[in-house]
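Asks: Position chain B against the provided structure of chain A, taking the given hints into account.
Protein chains: 2
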Amino acid sequence: MAKKVKYVYFFGGKKADGKAEMKSLLGGKGANLAEMVNIGLPVPAGYTITTEVCTYYYANKRSYPKELKAQVLDALKKVENAMGAKFGDPKNPLLVSIRSGARASMPGMMDTILNLGLNDTTVKGVIEKTNGNTRFAYDSYRRFVQMYGDVVLGLKPVDKHEIDPFEAIIEAKKEARGIHFDTELTAEDLMELVAEFKAAIKEKTGHDFPEDPHTQLWGAIGAVFGSWMNDRAKVYRKLNGIPESWGTAVNVQSMVFGNMGEDSGTGVAFTRDPATGENIFYGEYLFNAQGEDVVAGTRTPHPIAALKDDNPVIYKQLDNIRKILEKHYKDMMDIEFTIQQGKLWMLQCRVGKRTGFAAVKMAVDMVKEKLIGKEEAIMRIEPNQLNQLLRPVFDANEKKKAIEEGKLLAKGLNAGPGAASGRVALSAQDAEEMAAKGEKVILVRIETSPEDIKGMNASEGILTAKGGMTSHAALVARQMGKVCVAGCGALKINYAERSIRVDKLPDVVVKEGDFISIDGSTGEVIVGAINTKPSEVIQVLINKTLDPKDSPVFQTYDSLMKWADSYRKLGIRTNADQPDQASNAIAFGAQGIGLCRTEHMFFEGDRILHVRKMILSDSVEGRKEALAELLPFQREDFRGIFKAMKGYPVTVRTLDPPLHEFLPQKESDIEVLAQELNIPVAKVHERIHSLHEFNPMLGFRGCRLGVVYPEITEMQARAIFEAAAEVMAEGYKVKPEIMIPLVGDVSELKLQEDIVRRVAAEVMAEKKVKIQYLVGTMIELPRAALVADQIATRAEFFSFGTNDLTQTTFGLSRDDSGKFLPLYVEQELLPNDPFEALDQNGVGQLLEMGTQRGRKTRPDLKVGICGEHGGEPSSVEFCHRTGLNYVSCSPFRVPIARLAAARAVVRELKPGAKKTKPVKKAVKTTKKKK
Amino acid sequence: MAKKVKYVYFFGGKKADGKAEMKSLLGGKGANLAEMVNIGLPVPAGYTITTEVCTYYYANKRSYPKELKAQVLDALKKVENAMGAKFGDPKNPLLVSIRSGARASMPGMMDTILNLGLNDTTVKGVIEKTNGNTRFAYDSYRRFVQMYGDVVLGLKPVDKHEIDPFEAIIEAKKEARGIHFDTELTAEDLMELVAEFKAAIKEKTGHDFPEDPHTQLWGAIGAVFGSWMNDRAKVYRKLNGIPESWGTAVNVQSMVFGNMGEDSGTGVAFTRDPATGENIFYGEYLFNAQGEDVVAGTRTPHPIAALKDDNPVIYKQLDNIRKILEKHYKDMMDIEFTIQQGKLWMLQCRVGKRTGFAAVKMAVDMVKEKLIGKEEAIMRIEPNQLNQLLRPVFDANEKKKAIEEGKLLAKGLNAGPGAASGRVALSAQDAEEMAAKGEKVILVRIETSPEDIKGMNASEGILTAKGGMTSHAALVARQMGKVCVAGCGALKINYAERSIRVDKLPDVVVKEGDFISIDGSTGEVIVGAINTKPSEVIQVLINKTLDPKDSPVFQTYDSLMKWADSYRKLGIRTNADQPDQASNAIAFGAQGIGLCRTEHMFFEGDRILHVRKMILSDSVEGRKEALAELLPFQREDFRGIFKAMKGYPVTVRTLDPPLHEFLPQKESDIEVLAQELNIPVAKVHERIHSLHEFNPMLGFRGCRLGVVYPEITEMQARAIFEAAAEVMAEGYKVKPEIMIPLVGDVSELKLQEDIVRRVAAEVMAEKKVKIQYLVGTMIELPRAALVADQIATRAEFFSFGTNDLTQTTFGLSRDDSGKFLPLYVEQELLPNDPFEALDQNGVGQLLEMGTQRGRKTRPDLKVGICGEHGGEPSSVEFCHRTGLNYVSCSPFRVPIARLAAARAVVRELKPGAKKTKPVKKAVKTTKKKK
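In the order they appear, the protein sequences are chains A and B.
Residue numbers for the first sequence follow numbering that gives the first Met the number 0, beginning at 0 and rising by one.
Residue numbers for the second sequence follow numbering that gives the first Met the number 0, beginning at 0 and rising by one.
Just chain A, with the same shape it has in the complex (with noise of 0.2 Å):
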């Protein structure tokens, strides 16, 4: 016969059969009690159903394993030992509770049920074990069968507007008897109330309630495994990344009440405090009450500290697990007791969930106090948990009561952290005016465009009715560090009316110039101003206003950044196309710039005139013109960029658009411009009409512009060029590196290259001066990564701009994903939207294979990536084992970056970890080939 398995793992006394490292099989309830025992700490006796159960569940049109019965009625024969009481006795009954158990904490959603092993018979011995305590045993009895009505029985209503049969009886006898509260209904009332709620279980179900404990059991044990398929559980488990295969365990344990007056009682604590992390005990408790009473809110608990005075010795011995647990787990931990009868029990103790803020105090704490070591407090960090350390936020009182006052117009894609409050503008040229006249300016758009970058620069915030985490407004705004919500559909925006309205609320009509608040952290839109504060670490590093002296929260972000800088491979740049970005990014630690978009500076000033005027040309020589005006203001561009960056390399890339984004659309535009340039309407309606794509995104852009007017390139090689020659005899140092983007073929990248490297030739020759540079190439095209070895010949490096890639290698237009890609993400089609984190699984491969393929034609190939993947912390640890040589992100994912790019080196140190590809040193300077 096969090896008889291990469905039920007991726990009591002084030993678990279980541990805390057996989560996956016990889940972390489960894995913790055990592990409480085993370290001495009072814990209920109990048994844990595993995961492995829940499993076989499912897989078996819900029914057990055959050797269940048999393993749980031995574990509760151990649990009544341990407890003296016995399950089902008229004199001594045992009372348990059962509960889910997953390997990743749900809380609230899935079932529980208390006081279970209750009936008309045991429910007298418990009267006689609490010496007459009658209203104590019919209360249990009666919250036992309305929590087992509710759940086991499904007479819980699914429409929340319904209310519960149970609580309706309840409301009934008060209102007969005249009070208001449950708890003056007296022993007698509850008696009555166990009697008609089981008439109410027999009239709804047409059966009897079971008052047999065994019975009772198995379909609580039913209840909480049918429970891990509830729609609460599945999107909970959806928006938190949880597998469903992972399964819930069940634990049965025995009941302990803090509700047996005034010497019992139950609170809940966590070893630091989670909000700031400070080292204090902190928690709260109720006398005389049970768990969910604390939850409730209706009574008020008090603070932990109160119970010092109140039970010196429960205290004491509180504070003692406090210390033990922490010793033993090198964490802060979430715990639960309760008090019976002067005993103090430990129900629950979990990895307490915290702020980013405390997150990082807590790590670098733990640190200083030796409890853990420096890769563990890197590891202890989740990098996004910094935005928290970097964005604005609200006030956090505020927020609350305009949401309680029903000012929370809409939710939409949390697409830019930090939170933003100023008045409505509808349009980039408000925007301005109106930041121009010293408001605060929050930018509403059903989507926005590269010609709203000036208004999106002059606000505090961006939102959006249209577009996803990746669409322009959302990339835009993070690189800016720009608070932004994005695709939020319940939006009607309607420009002519200059309004906002929502359905939901229809009397409300947010007018152009009214306060509205977002918070990007959250998606959250609200009516009417709150107020925000920049946080700690971008006063010290960014605005200046605050010595890093006087703030630990700056000091706790900076040594953990030194620790991560310690470890850490992948060279960190950022995605900046201005000076105060490149500033701001070098404050966040970045190494370089990654991605400078030169297009961008083309919307600034009078510049988009000269570009239209370009665009509009018939001939080379009127191309050539209009782009020697524009030429004095790119050259001012590289110039400010270059001595932002202090001698660290900034890629350039050449003309990336396609050409019709930098036309006007509106009639009134395109009249002016014909004025403007004096030509017909009807020639700019012409070019305009040229241009029109299909499909932009595959449409005539990147390398594609400059190969059919090479006088483009030549003019931004010009610009770069002369930038560095005067800006280098200014004393700086500078290191250009010009990117051609969207090549697909090394032949389009050697015309470009041979224009680049002519004009530097010729650059230098004027200006008397060598520059150190390189000539790359994005690589965003399937075909790029499949040639790679044979764009290497030519390519000194290589940067990987997985946002196109993604696009063209899923065949998915970041901008029209909205219609299917949410669905493919919630029913698991993917297990990520593949903008937000780098799809490892397929264009991953791209990476590894154009990477691999330029290294085998050139060792010392520079390679990076410069799309949004390279500020996600997933999507970092991929480009370390992959051996890039860097990860480029907007400004304010910097540090996140670096975290990620430390974690990706200490995850790798354990034991049996992946090793990455070895990453070659990339070259430093560049010589012309033959």
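Bear in mind the hints are in silico, worked out from the structure with no lab data behind them.
Fair warning: there could be bad hints in the mix.
Note: identical chains are not told apart, hence a pair may lie in one copy or across any two.
Stated by the list, open to error - Derived DSS-like pairs (lysine-lysine); straight-line CA-CA distance at most 27 Å:
1. K682 <-> K465
2. K439 <-> K406
3. K665 <-> K682
4. K367 <-> K465
5. K732 <-> K568
6. K85 <-> K453
7. K68 <-> K85
8. K665 <-> K465
Replies: Relative to chain A, chain B alone:
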């Protein structure tokens, strides 16, 4: 010292240094001159300067290897010996011609100099040698000076409209003499002309005409090498895919003269009829003439047969040479000969160009004559030449006349070969209505869309102003076997005025209803009607109006196809959506349908209304209701196709295009639709707006539709299986293969496959029948190829959709690429338009990867291709080498694919050829997987 390189190859007398196999080094002409010498034919002696010298010349600033001079002098000596004359000798001068000779024929593209060696001294020797023929001598002399001045000294005007300075002098002379023809010029006139020519040279260049024959010689050699890079030659090379790196050889050959009197003459001939392929001696000749007189058309040459009477001795010699050549070369040869004073000289021989008709007939005949084997016959015919045997053709004389009369309106892309003539219809509806009245119609549109399908089907041909070789119009036209000229940008189509104009012919207005003729093999668009007729092969196979016994053309076609089938290993399927297309494809030899696009059926009759109703539904129920109305139509469609395919497998693709393609665009149509469906107009607008996409190619289409609206897949599956069951009940065999489009991840396929298999099981249970079917997917996204191993866990077959795969791999929209792709091909950035010939370097890697990875998971995976490339010969050969099971192409390309597939096999039979990857036998039936 290094081994001496041989740069100069002598030929003449009985022995030549070179031979026919040395074409790369000696060029075609030089190699064949050497070969003719070697097989004993009379060839004027000469020598060939190799192509290596050309390469050296361009790599070294137009200079020669230092060894060249001595080798040339040495070869010249041998020529003098062979011909018994001496270069520059005043008494017995040797005159030579200097001609280019590249590896591939480039007729007329490079320069030639004749009669070189003449000067004021040697001309006397010529007079002496010709017994005082002063006129001949000076005529030769003036021709040489003129040619030398034009070509070597660069006096020929670049602008065709300018007059040649030498021609101007001749005209003046004739005017002065009062004569009309050159032949009327006397010896004295010619002598004066020589002097006047030289004076003009002195005046225009500042230098004297070189009298020294060696100076003349090196000047001419340099001019011929230089002409390799003239604009004409560059364009020709690009058009014909001849690499620049090949270079040209230069042939210096003793002059022989056909204009030395009535015992002299010259001619050109083919060893068989190059137009029909008939085995007759075909050519023409003139007595007392130079080669150029035959070609120039100033005198009417005699057919070669006339020589039999005019000069039986020479005829017999020539006919004998014809036989020797065919026996030696085993091919039809194109020859040039000259008779000098009764002696026959061979000046040139090369494999003759021929029509498709002739190619097939000659190849088949030569097999029968045992000149060549079947394999050689298969390799002799470029698959695309078969088009000539399939397509309707214009009456050649009528077309020529029309063009001469200035009726050529414009030229577009030859997108759908064949000839069509009919009345202009400017909308699909007009086309249908006119066709219903029995008119032949040419549908002329700016571009076509799926809504135009019925109108296209009703038309003889389709002409569009926009779109490339793989635009909608081109794709559908080829599939339908319609003539198509696409992307004819010169056309100004005015829908409002119902007219077509071109700038070039301002007086011409083609109105709707006027006759127009389009040649889809050349791209010509001609005003007025030209008679056409279907090809004999079509008359036999499709129209069944001709008995095969009465068509020798058909018989040769049929022989060739049978031989091809005996070699090829690739299966050939067709892309067909309608029973008539399917039947045609079978007649052409298709062995199944590789792509049946279900959406084309959606536009038939009233169906579009149901489709629109479905799209406009807000609820699953509404959609299901509309789909239920569509079901009977789809089922009927599939019944027709299954019956037509007679048991061959039919691959049905589920709905693919974005839904907005099914909605009307015109306001009036929108209003009609709203009325028909009894919904507000605004709702239709709203839906159209919500379905709008920035990049529809990358949008909500393919299996994404079926994922979001599973009810569509369900309906289509039901229609397929119900049709199969019904048709099986009527005694037909059916093999449906359901193909899920645009899969990027196995999860999508799984979802769709589950629906298909469930519906299949339901229908089989309902109808009590067992249907053999497969479920597979298109691989048309790079990601699908990358994760093919995962996808193959579910897919029973792959079909590469190389149209979309090319678009996504290159990031290139075929609808938008017109702005730059032609330039890319012209500038040789890409060797071909990747939408015409599969990009083997890039996209091809994904085919290999997808096939290998798929077969790793499922060794018997059936793999095909259903993109347009499936009918393009080089792509078909690639598919063979990659180990695909089949290619699928439009019905009219099936014969081409059959031949190409055979050629791929034959090519591998050659010693040292790369062998194909082994093809596993594909699965025949399917079993439900666990």
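Asks: Enumerate the violated hints, using their earlier numbering and listing them in ascending order.
Replies: Failing hints, ascending: 4, 6.
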